[in-house]
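What follows is the residue order along each chain.
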Amino acid sequence: MSHPRLAVFARQANGQVGPLRVLEGQKTLISRSLHGIYLDIPNDEVIIPSNVAAAIAVYGRTQSGNTPPKRVIQGSLTHLYSPQGVAVDDKHNELIVSNDTRLSILVFDRVANGNVAPLREIFGPKTGITNPQGIVVDPVHDEIILSDEGKAKADPPVPPALRIFRRTDSGDVAPLRVISGPDTGMLRPRQLQLDVERDEIVIADRGLVQEFRYDVPGFLAVWNRTDSGNVAPKKLIRGPKSQLTSPRSVYVDPKNGEYGAGDTNSHSIMVFPRDFPTAKPSG
Amino acid sequence: MVVAACAVVLADFAPARATDVVPLRVIKDQDPNFNTLWVDLVHDEILVGNDAQETLQVYSRSANGLVAPLREIKGEATFITYPGQVIVDSAHDEILSVGNDIADLITVYPRNAVGNVAPIRRIDGKKSQLKFNRSWGIALDVVNDEIFATHQKKNQISVFARTMNTDKDPKAGAKRTIHGSATGLAEPQGIFVDPKANEIYVVNLGRKVEVDKATGLPVGSTAPPSITVYPRNARGNVAPLRTIQGSSTQLDNVKPIFVDAGRHEIVVAAGSPTDALLFFDQKASGNAAPIRVIQGNETGLSDPTGVFVDEKHGEVLVANWSNHTITVYPRGAGGNVKPTRVISPTKSRIAVGMGNPGAIYVDPERDEIGVAN
Chain F
8 MSHPRLAVFA RQANGQVGPL RVLEGQKTLI SRSLHGIYLD IPNDEVIIPS NVAAAIAVYG
68 RTQSGNTPPK RVIQGSLTHL YSPQGVAVDD KHNELIVSND TRLSILVFDR VANGNVAPLR
128 EIFGPKTGIT NPQGIVVDPV HDEIILSDEG KAKADPPVPP ALRIFRRTDS GDVAPLRVIS
188 GPDTGMLRPR QLQLDVERDE IVIADRGLVQ EFRYDVPGFL AVWNRTDSGN VAPKKLIRGP
248 KSQLTSPRSV YVDPKNGEYG AGDTNSHSIM VFPRDFPTAK PSG
Chain V
4 MVVAACAVVL ADFAPARATD VVPLRVIKDQ DPNFNTLWVD LVHDEILVGN DAQETLQVYS
64 RSANGLVAPL REIKGEATFI TYPGQVIVDS AHDEILSVGN DIADLITVYP RNAVGNVAPI
124 RRIDGKKSQL KFNRSWGIAL DVVNDEIFAT HQKKNQISVF ARTMNTDKDP KAGAKRTIHG
184 SATGLAEPQG IFVDPKANEI YVVNLGRKVE VDKATGLPVG STAPPSITVY PRNARGNVAP
244 LRTIQGSSTQ LDNVKPIFVD AGRHEIVVAA GSPTDALLFF DQKASGNAAP IRVIQGNETG
304 LSDPTGVFVD EKHGEVLVAN WSNHTITVYP RGAGGNVKPT RVISPTKSRI AVGMGNPGAI
364 YVDPERDEIG VAN
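Read top to bottom, the protein sequences are chains F and V. With our numbering applied, the first sequence covers 8 to 290. With our numbering applied, the second sequence covers 4 to 376.
Hints were generated in silico from the structure; no laboratory data involved. You may find that some hints are simply not true.
Claimed, not checked - Which residues of chain V face chain F? A partial, calculated answer using Cβ under 10 Å:
1) Q33
2) R210
3) V241
4) L244
5) A264
6) A354
As the list claims (entries may be wrong) - Think about it this way: if two alpha-carbon atoms lie no more than 16 Å apart in a straight line, the pair counts; the simulated EDC-like pairs of lysine to aspartate or glutamate are:
7) K262/F x D148/V
8) K262/F x D206/F
9) K174/V x D127/V
10) K262/F x D127/V
11) K262/F x D47/V
12) K133/F x D176/F
13) K34/F x D370/V
14) K315/V x D47/V
15) K77/F x D51/F
16) K199/V x D255/V
17) K262/F x D202/F
18) K133/F x D206/F
Where is the CB? At the ideal position from N, CA and C, for every residue including glycine.
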């Protein structure tokens, strides 16, 4: 939206509370349509993509005010075009980007800076990449997991999916696994996280917005990392009491046993317990 | 323990079963975040756009202190979503609003509309012949009966007939557009048309992507912010008449723009953390310093995103996104000046400022949540 910024709140904030600090202003390079963020704790950095400037900017973990990034990847060699999601692989020292308009996944050296070419690019028709959004990397199982909104208006329509690639894939390669199909309930998956403790994938799905009415509300959903095909999520948070209407973003907090969700329509952050009774299958 | 503490309602939602979990905590603003404003000098009212609850509110022009809005337009029928620039068209007794972010929609209401009212006209920017691709700024030229809109991610200005309505004519298109590498448009925000000077004024944040014709590859770039000026009837890939850009300009994170025709000044508001009103000579060009600046801890400016010069009453009015206020200054004022009036529907000056939380993280070590807007 037109107030681009990174605002940091106390984890237990509740109600109408202001941020602890804000990173914003022209020097930051932070721009509208911010659809990805990654906190790289081992390196004390925060990584943010710039959709409108085709750039990846890296900041100090507690950086605030109108201050410039530590590093910026931008330019003709980068292949960046509407970057959406970002993730860091600290084991292999790589930065992974979901690249929307070019329909690719880019892998850079973690400390890449300036107009630099990616180390690898997953790109081409075999990849099935149609509308790439959130991305995570799993260095333990050597996988990259991408959320893909699909394209309902294509002929034939491309359904939304989670596409799982080998971490070292490059070029025009088919995914290792795809989670997609009517039983998944996926509508427009956006940010996702890997719950490494439970080996689960957690996504925010923004639901369907039709003429500005959230007739089909969004949700948070959980799959086993190893799921494949037309598989229903093992857990799903959705409904009026959840207050979720169109969640675009999600975090997993194993330490405190919580999920967080950012909601487009209600302009809010909701925090849910990571453990809750699941509904039994009907019929 | 956490499970026992939370209220849970089980519900079936096709195609997958769902659990309707009550959140443990919600960070949310209950008070309006003023994103834009306009003054109706005929009816002595202030119209503001509020993107926290997605409403348009109307206050008395002479209001002061803690006051409730006179009326409010809100609800599903209104189609108000992320309201950008608002305008009161006193000549035709209408209100215009543009929906930013996911909306891509211009809506028009009767001036005295209240409640959950449907717009009387719409320009649907999601139509294939329009493709707004994110619009925050609109301008109205009542002399020539035209509406101007900026497109942030498309680096374009579109000009529509004032009465265009895609609900009645779904194939209606722009009368003309300004677009191309010569224009200097780069993430354009606010726009203003001065029919007397016969010019268009646009604020640009400077970021853009162009495709290299030789390689077919995208090239992102980041230039300093600018104000570009075009002939009112410009079309196509036209160079600006004048460009204000450079280190002396103090432009930073600027969104709204207004021309004070009486004083021959361009007024823009620099957002947080700069929090300033910048006044330029209307004919300024190049790396020009503002002729006057309102900035400082006494001003009450907090992410100013709407500005209007009321020549009739000699005032400058500002919508502040980050403290729930409309602040009013004497026309011609500069420096660290206190507002002559502060208008707000709440005592709270704490704004969550959530907007569209498109990505989040948790920092378990520092016990923090990061929210990207």
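Against the structure, the hints:
Proximity of Q33/V to chain F holds as hinted, the smallest CB-CB distance being about 5 Å (cut-off 10 Å). A least Cβ separation of about 4 Å between R210/V and chain F falls short of the 10 Å threshold, and the interface hint therefore holds. Hint status for V241/V: violated, given a least beta-carbon distance of 22 Å to chain F, over 10 Å. Residue-level restraint check for L244/V is violated (minimum Cβ-Cβ distance to chain F is 24 Å; threshold 10 Å).
This hint is violated: A264/V has a C-beta 26 Å from the nearest C-beta of chain F, more than the 10 Å allowed. Taken as an interface hint, A354/V checks out: its beta carbon lies about 7 Å from the nearest beta carbon of chain F, inside 10 Å. With a C-alpha separation of about 60 Å, the suggested pair K262/F and D148/V falls outside the 16 Å cut-off, and the hint is violated. Only pairs whose Cα atoms come within 16 Å are accepted, and K262/F paired with D206/F is accepted, the gap being roughly 15 Å.
For the proposed pair K174/V and D127/V, the alpha carbon gap of about 10 Å is at most 16 Å, so the pair holds. Distance restraint check for K262/F and D127/V: the Cα-Cα separation of roughly 46 Å exceeds the 16 Å cut-off, and the hinted pair is therefore not satisfied. About 56 Å separates the Cα atoms of K262/F and D47/V, which puts this hinted pair outside 16 Å; it is violated. Proximity of K133/F to D176/F is assessed by CA-CA distance (about 12 Å); at most 16 Å being required, the pair is judged to hold.
Restraint check: the Cα-Cα separation between K34/F and D370/V comes to about 27 Å, which exceeds 16 Å; the hinted pair is violated. Among the hinted pairs, K315/V with D47/V is consistent with the structure: their alpha-carbon atoms are about 11 Å apart, no more than 16 Å. For the suggested pair K77/F and D51/F, the alpha carbons sit about 12 Å apart, so the restraint of at most 16 Å is met. The suggested pairing of K199/V with D255/V is violated, with an alpha-carbon distance near 28 Å, which exceeds 16 Å.
A hinted pair counts as satisfied when its Cα atoms are at most 16 Å apart, and K262/F with D202/F qualifies at roughly 11 Å. Taking the CA atoms of K133/F and D206/F, the gap is near 27 Å; set against the 16 Å cutoff, the hint is violated.
Violated hints for the displayed structure, listed by number in ascending order: 3, 4, 5, 7, 10, 11, 13, 16, 18.
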